[in-house]
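Whole structure, please, built from the sequences with the hints as guidance.
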Amino acid sequence: MYSLLLKQTDAVNRWMERYGVRFGIYKNGEFKEQLFPFDAIPRIISHADWQKLEVGLKQRVDALNAFLRDVYTEKSIVKDGVIPADFIYSSKGYLPQCEGFEPYRGIYSHISGIDLVQAEGGEWYVLEDNLRVPSGASYPMIARDLTRKASPETFTDSSLIDNRNYAQLLRESMDYVNVDNGLEVILTPGRYNSAYFEHSYLAEKARVVLAYPDDLFVDNGHVYYKGLNNKSERVGVIYRRISDEYMDPMTFEPSSLLGVANLFEVYRQGNVAIVNAFGNGVADDKGLYYFVPKMVEYYLNEKPILKNAPTYLPFYEEDRKYVLENLEKLVLKDVSEAGGYGVMFGRDMSPEKLKEMRHLIETESRRWIAQEVINFIDLDIIDNGEKVKRKADLRAFVISGEQTKVWASGLTRFTRDSKSFIVNSSQGGGFKDTWVLDK
Amino acid sequence: MTYNIAISPAKASRLYWLGRYSERVCTVLHMLHKDYDEVLDNESTNVHKSFCTRLGIPCEEENARQFLKDFLYNREKEYSVINMLERVKDNAILLREELKSESLAYVEMAINYMKKAQEDESRLYDLQPVTDFLFAFFGAIEERVYNMEVLNLILIGKYVEKSDLYIRFDYTRNRIEEMLDRLEYFVNVESSLCDDRKMSVVRSGITEVTLSPIVLDNLNNIFAA
Numbered sequence: 001m002y003s004l005l006l007k008q009t010d011a012v013n014r015w016m017e018r019y020g021v022r023f024g025i026y027k028n029g030e031f032k033e034q035l036f037p038f039d040a041i042p043r044i045i046s047h048a049d050w051q052k053l054e055v056g057l058k059q060r061v062d063a064l065n066a067f068l069r070d071v072y073t074e075k076s077i078v079k080d081g082v083i084p085a086d087f088i089y090s091s092k093g094y095l096p097q098c099e100g101f102e103p104y105r106g107i108y109s110h111i112s113g114i115d116l117v118q119a120e121g122g123e124w125y126v127l128e129d130n131l132r133v134p135s136g137a138s139y140p141m142i143a144r145d146l147t148r149k150a151s152p153e154t155f156t157d158s159s160l161i162d163n164r165n166y167a168q169l170l171r172e173s174m175d176y177v178n179v180d181n182g183l184e185v186i187l188t189p190g191r192y193n194s195a196y197f198e199h200s201y202l203a204e205k206a207r208v209v210l211a212y213p214d215d216l217f218v219d220n221g222h223v224y225y226k227g228l229n230n231k232s233e234r235v236g237v238i239y240r241r242i243s244d245e246y247m248d249p250m251t252f253e254p255s256s257l258l259g260v261a262n263l264f265e266v267y268r269q270g271n272v273a274i275v276n277a278f279g280n281g282v283a284d285d286k287g288l289y290y291f292v293p294k295m296v297e298y299y300l301n302e303k304p305i306l307k308n309a310p311t312y313l314p315f316y317e318e319d320r321k322y323v324l325e326n327l328e329k330l331v332l333k334d335v336s337e338a339g340g341y342g343v344m345f346g347r348d349m350s351p352e353k354l355k356e357m358r359h360l361i362e363t364e365s366r367r368w369i370a371q372e373v374i375n376f377i378d379l380d381i382i383d384n385g386e387k388v389k390r391k392a393d394l395r396a397f398v399i400s401g402e403q404t405k406v407w408a409s410g411l412t413r414f415t416r417d418s419k420s421f422i423v424n425s426s427q428g429g430g431f432k433d434t435w436v437l438d439k
Numbered sequence: 440m441t442y443n444i445a446i447s448p449a450k451a452s453r454l455y456w457l458g459r460y461s462e463r464v465c466t467v468l469h470m471l472h473k474d475y476d477e478v479l480d481n482e483s484t485n486v487h488k489s490f491c492t493r494l495g496i497p498c499e500e501e502n503a504r505q506f507l508k509d510f511l512y513n514r515e516k517e518y519s520v521i522n523m524l525e526r527v528k529d530n531a532i533l534l535r536e537e538l539k540s541e542s543l544a545y546v547e548m549a550i551n552y553m554k555k556a557q558e559d560e561s562r563l564y565d566l567q568p569v570t571d572f573l574f575a576f577f578g579a580i581e582e583r584v585y586n587m588e589v590l591n592l593i594l595i596g597k598y599v600e601k602s603d604l605y606i607r608f609d610y611t612r613n614r615i616e617e618m619l620d621r622l623e624y625f626v627n628v629e630s631s632l633c634d635d636r637k638m639s640v641v642r643s644g645i646t647e648v649t650l651s652p653i654v655l656d657n658l659n660n661i662f663a664a
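Quick note, the sequences are listed as chains V and W, same order.
Take the first sequence: its letters are residues 1 to 439, numbered as in our numbering.
Take the second sequence: its letters are residues 440 to 664, numbered as in our numbering.
Quick caveat, the hints were computed from the structure, so don't treat them as lab data.
Ideal Cβ placement from N, Cα and C applies to all residues, glycine included.
A few of these clues could be false.
Going by beta-carbon spacing under 10 Å, a handful of chain W positions derived as facing chain V [unchecked claim]: (1) K450; (2) R504; (3) Q505; (4) L538; (5) E541; (6) M548.
Listed below in structure tokens is the structure:
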């Protein structure tokens with residue numbers, strides 16, 4: 001199906017270089033841009049598998065959006081005892097400033113990146129929900145574009161869904177929440193952000209303005225983009241690629257130079273939409289992940305279609321006991337870390353490290369979750385001309401606007417290290433296109 | 440999808456400098472070709488000294504060959520061609536959504552080629568693809584940039600730079616006038632961003648027998664976003 005494409009691997013890589021498909025990385029305090037290693041063998045998802053995934057992903061994101069709305073307003077899920085209050089209010093992602101109001105049109109997570117793996121039995125498991133600023137969609141978008149250039153015959157013979165509509169989905173979502181038809185911008189912290197390529201590429205493809213923090217200002221309850229000749233345009237929606245804490249120095253981190261002063265107040269008044277909303281971190285906290293299937297049942301009154309990886313919360317005494325007794329065979333995650341950091345496999349720990357971690361689990365139980373190691377399917381990659389198996393995950397993108405839609409593709413990341421499970425680009429991982437068959 | 444056409448002063452400045460640096464690389468490579476033709480016949484020529492004087496850069500190299508190597512590839516010299524190409528890229532990479540990826544690709548190819556040439560210590564005569572890529576870039580933006588103001592700002596930068604270099608390298612008055620005609624057209628189109636009084640000073644100054652430094656000073660300050 002993709003054999004013709006493989007013969008054009010060098011051509012694809014030349015196209016990638018020509019288009020500057022890179023990501024940034026800081027090493028020893030120095031910023032470097034490097035090409036994101038691309039493997040031409042696609043991940044192929046059957047039509048039947050995709051149908052199930054699509055329904056499950058919509059269900060999960062709808063529940064997460066309902067949770068965010070509830071947690072910042074009624075808090076019925078806490079009142080009904082489904083989630084302990086402590087898990088919410090001690091989360092680093094919970095923002096008390098978001099209490100008591102809903103964002104424009106009631107959507108919190110417009111762009112959700114859901115990380116999944118497929119187990120050897122074929123079952124998909126969700127590993128993580130990313131509801132703040134999930135990145136990565138631009139890579140399979142441009143990969144499809146460039147692989148079609150390098151090997152057009154591959155695509156005339158394949159019946160797969162075209163994934164080059166991501167920018168349109170993004171734009172539809174931005175249009176839907178755009179307050180009073182204002183200017184639509186993607187807000188980037190700048191060139192030295194690891195995902196800058198994506199920010200600029202999405203701005204190009206969605207045909208919106210790429211704004212830098214100095215381009216925006218607040219005046220009289222509205223956000224404006226500084227134009228030429230002292231003419232400014234009112235902004236209706238900001239797809240921000242900056243974390244909550246740096247977005248407004250008057251509300252959050254006072255030393256932030258990346259934010260827009262008084263932006264939060266404009267947002268609170270409903271005069272600008274922020275994609276994704278402030279405060280979403282509470283829902284993609286690794287500790288709250290455990291409760292997502294319960295959210296599906298609670299808010300939608302449905303059985304969860306997608307499974308979580310079997311997860312234990314040391315916060316609960318019974319789980320803590322199990323984790324302490326079985327740490328050697330579990331994977332332990334620090335809930336405050338991201339990007340593949342803070343992930344530790346019990347089997348790799350020395351006796352001293354196991355002892356130290358057991359102590360931390362007992363004394364800081366809220367900080368950790370533990371999961372069974374899922375024996376997930378390895379994917380073929382080409383390494384030095386040889387076909388080898390490597391661990392890989394899938395980041396699926398769910399876009400919420402007037403409707404919730406799942407992008408028929410996703411970012412497949414793989415580890416290049418045969419002994420590693422960590423697929424993040426910041427830790428040397430590569431990526432593949434994700435093909436979804438249309439029949 | 441409708442197209443958002445807002446331009447901030449910072450973006451306008453990037454567009455202008457993108458035009459200037461791109462043109463500077465093309466034109467100085469062209470000037471070097473002309474001047475260094477002499478080196479083929481005369482190893483001991485001091486042609487590089489007059490080149491530096493005209494360009495207004497220091498001349499620390501003893502001979503023309505060493506100067507050429509430094510001028511093309513030395514990253515310690517802010518005016519080297521490889522550094523100027525980096526400035527092209529610094530501006531272009533921040534403008535992808537306006538230029539479009541297909542146009543930006545020519546800048547990527549120019550800088551990638553130049554880096555490879557630096558590693559290989561390629562000769563001046565092997566750098567023609569750098570000029571070709573930048574010409575292709577100018578052609579690509581004409582095709583792909585829909586916001587005319589974006590294109591105009593790049594072209595103002597391009598023609599300011601080209602006029603500046605034509606004056607510095609003693610081009611004939613006719614050639615300089617032709618270039619100023621092009622510049623003036625865009626200065627008039629973007630009159631709110633340009634100082635037409637400075638344009639007038641340049642035009643009248645160019646007719647004088649001895650060129651005053653005020654001409655270059657005004658030329659280089661015509662644009663003010």
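Evaluation of the provided hints:
Interface hint at K450 (chain W): satisfied, since its Cβ lies 8 Å from the closest Cβ of chain V, which is below the 10 Å cut-off. Violation of the interface hint for R504 (chain W) is found here, the shortest Cβ-Cβ separation to chain V being roughly 32 Å, above the 10 Å cut-off. With 10 Å as the threshold, the beta carbon of Q505 (chain W) stays out of range of chain V, its nearest partner Cβ sitting at about 30 Å, so the hint is violated. Taking 10 Å as the C-beta contact cut-off toward chain V, the hint placing L538 (chain W) at the interface holds, the least distance being around 8 Å.
Here the hint on E541 (chain W) is kept, as its CB sits about 8 Å from the closest CB of chain V, short of 10 Å. The beta carbon of M548 (chain W) is positioned within 10 Å of a beta carbon in chain V (closest approach about 6 Å), and the interface hint is therefore held.
The structure fails to meet hints 2, 3 from the earlier list, while all remaining hints are met.
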